[in-house]
Amino acid sequence: MIAALSRRVDFLLLKETGTTRRSGPLRARVVLADPPVTTVKLGFTVGRSFGTAVKRNRVRRRLRHGISDAAQSTQVATTHVLVGAAPAALCIGYSDLVDHCRRLLEPAP
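Heads up, the sequence shown stops at 110 in my numbering, and the numbers go up one at a time, no gaps.
If you're looking for bench data, these hints aren't it; they were derived computationally from the structure.
Every residue gets a Cβ at the ideal spot worked out from N, C-alpha and C, and that includes glycine.
Using C-beta positions, here's what the derived DEER-type ranges look like:
{"no.": "1", "residue 1": "Leu13", "residue 2": "Asp97", "range": "31 to 39 Å"}
{"no.": "2", "residue 1": "Asn58", "residue 2": "Ala109", "range": "24 to 32 Å"}
{"no.": "3", "residue 1": "Val55", "residue 2": "Leu13", "range": "26 to 34 Å"}
{"no.": "4", "residue 1": "Gln76", "residue 2": "Arg49", "range": "33 to 41 Å"}
{"no.": "5", "residue 1": "Lys16", "residue 2": "Arg61", "range": "17 to 25 Å"}
{"no.": "6", "residue 1": "Ile3", "residue 2": "Arg28", "range": "12 to 20 Å"}
{"no.": "7", "residue 1": "Asp35", "residue 2": "Pro88", "range": "31 to 39 Å"}
{"no.": "8", "residue 1": "Thr53", "residue 2": "Gln76", "range": "31 to 39 Å"}
{"no.": "9", "residue 1": "Met2", "residue 2": "Ser50", "range": "27 to 35 Å"}
{"no.": "10", "residue 1": "Ala109", "residue 2": "Leu14", "range": "13 to 21 Å"}
{"no.": "11", "residue 1": "Thr21", "residue 2": "Gly52", "range": "16 to 24 Å"}
Given these sequences and hints, build the entire structure.
So, in C-alpha coordinates, the structure goes:
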(Lines of atoms letter the chains of each structure in order from A and count residues from 1; the text may use other names and numbers.)
(Lines give C-alpha, C1' and ligand atoms only; values in the text may rest on other atoms or scores of the structure.)
Protein backbone atom coordinates (compact mmCIF):
# COMPACT_ATOMS: atom_id res chain seq x y z
CA MET A 1 0.00 0.00 0.00
CA ILE A 2 1.23 3.48 -0.84
CA ALA A 3 0.38 6.49 1.33
CA ALA A 4 1.19 10.17 0.86
CA LEU A 5 4.32 11.61 2.40
CA SER A 6 2.89 14.82 3.84
CA ARG A 7 3.75 15.32 7.51
CA ARG A 8 6.71 17.39 8.65
CA VAL A 9 7.86 14.51 10.85
CA ASP A 10 8.16 12.27 7.79
CA PHE A 11 10.30 14.80 5.92
CA LEU A 12 12.53 15.29 8.98
CA LEU A 13 12.98 11.52 9.23
CA LEU A 14 14.09 11.44 5.59
CA LYS A 15 16.49 14.32 6.17
CA GLU A 16 18.05 12.85 9.32
CA THR A 17 18.18 9.11 8.64
CA GLY A 18 17.54 8.77 4.92
CA THR A 19 20.02 7.61 2.31
CA THR A 20 20.18 8.69 -1.31
CA ARG A 21 19.69 6.21 -4.14
CA ARG A 22 19.99 6.79 -7.87
CA SER A 23 18.85 4.79 -10.84
CA GLY A 24 18.88 6.22 -14.35
CA PRO A 25 17.09 9.58 -14.40
CA LEU A 26 15.60 9.01 -10.92
CA ARG A 27 16.96 9.89 -7.51
CA ALA A 28 15.36 9.13 -4.18
CA ARG A 29 15.88 9.80 -0.52
CA VAL A 30 14.78 6.65 1.31
CA VAL A 31 14.49 5.33 4.85
CA LEU A 32 15.36 1.65 4.86
CA ALA A 33 13.35 -1.00 6.71
CA ASP A 34 14.90 -4.22 8.04
CA PRO A 35 11.93 -6.50 7.45
CA PRO A 36 9.96 -5.90 4.23
CA VAL A 37 7.07 -3.50 4.75
CA THR A 38 3.52 -3.33 3.45
CA THR A 39 2.98 0.45 3.57
CA VAL A 40 5.28 2.96 1.90
CA LYS A 41 4.97 6.73 2.37
CA LEU A 42 5.72 8.35 -0.96
CA GLY A 43 6.39 11.93 -2.04
CA PHE A 44 7.66 13.62 -5.18
CA THR A 45 9.88 16.61 -5.76
CA VAL A 46 9.85 18.11 -9.23
CA GLY A 47 11.01 21.72 -9.35
CA ARG A 48 10.29 24.45 -11.85
CA SER A 49 13.63 23.89 -13.54
CA PHE A 50 12.20 20.58 -14.79
CA GLY A 51 9.94 22.39 -17.24
CA THR A 52 6.39 23.62 -17.64
CA ALA A 53 3.60 22.59 -15.29
CA VAL A 54 2.36 20.15 -17.92
CA LYS A 55 5.73 18.35 -17.96
CA ARG A 56 6.03 18.38 -14.17
CA ASN A 57 2.55 16.93 -13.71
CA ARG A 58 3.13 14.32 -16.42
CA VAL A 59 6.31 13.08 -14.76
CA ARG A 60 4.57 12.97 -11.35
CA ARG A 61 1.79 10.82 -12.82
CA ARG A 62 4.29 8.52 -14.53
CA LEU A 63 6.30 8.19 -11.31
CA ARG A 64 3.21 7.52 -9.21
CA HIS A 65 2.13 4.66 -11.47
CA GLY A 66 5.69 3.40 -11.94
CA ILE A 67 6.30 3.21 -8.19
CA SER A 68 2.94 1.51 -7.70
CA ASP A 69 3.71 -1.15 -10.32
CA ALA A 70 7.25 -1.62 -8.98
CA ALA A 71 6.00 -2.02 -5.39
CA GLN A 72 3.62 -4.79 -6.48
CA SER A 73 6.35 -6.77 -8.20
CA THR A 74 9.21 -6.54 -5.69
CA GLN A 75 9.97 -6.85 -2.01
CA VAL A 76 9.87 -3.27 -0.70
CA ALA A 77 12.74 -2.40 1.64
CA THR A 78 11.85 1.23 2.32
CA THR A 79 9.31 2.92 4.58
CA HIS A 80 9.60 6.50 3.32
CA VAL A 81 10.52 7.55 -0.23
CA LEU A 82 10.98 11.04 -1.68
CA VAL A 83 11.49 10.71 -5.45
CA GLY A 84 12.90 13.30 -7.83
CA ALA A 85 13.49 13.02 -11.55
CA ALA A 86 15.64 14.47 -14.30
CA PRO A 87 13.93 15.60 -17.53
CA ALA A 88 15.09 12.36 -19.18
CA ALA A 89 12.39 10.55 -17.14
CA LEU A 90 9.83 11.77 -19.68
CA CYS A 91 11.77 10.26 -22.60
CA ILE A 92 12.29 6.69 -21.38
CA GLY A 93 9.76 3.92 -21.90
CA TYR A 94 7.36 2.94 -19.16
CA SER A 95 8.91 -0.50 -18.60
CA ASP A 96 12.34 1.13 -18.13
CA LEU A 97 10.80 3.62 -15.71
CA VAL A 98 9.28 0.77 -13.66
CA ASP A 99 12.69 -0.97 -13.59
CA HIS A 100 14.34 2.20 -12.25
CA CYS A 101 11.57 2.58 -9.64
CA ARG A 102 12.06 -1.04 -8.60
CA ARG A 103 15.78 -0.43 -8.05
CA LEU A 104 14.95 2.48 -5.74
CA LEU A 105 12.60 0.38 -3.61
CA GLU A 106 14.31 -2.99 -3.30
CA PRO A 107 16.98 -3.94 -0.77
CA ALA A 108 20.52 -2.84 -1.59
CA PRO A 109 22.79 -5.63 -2.88
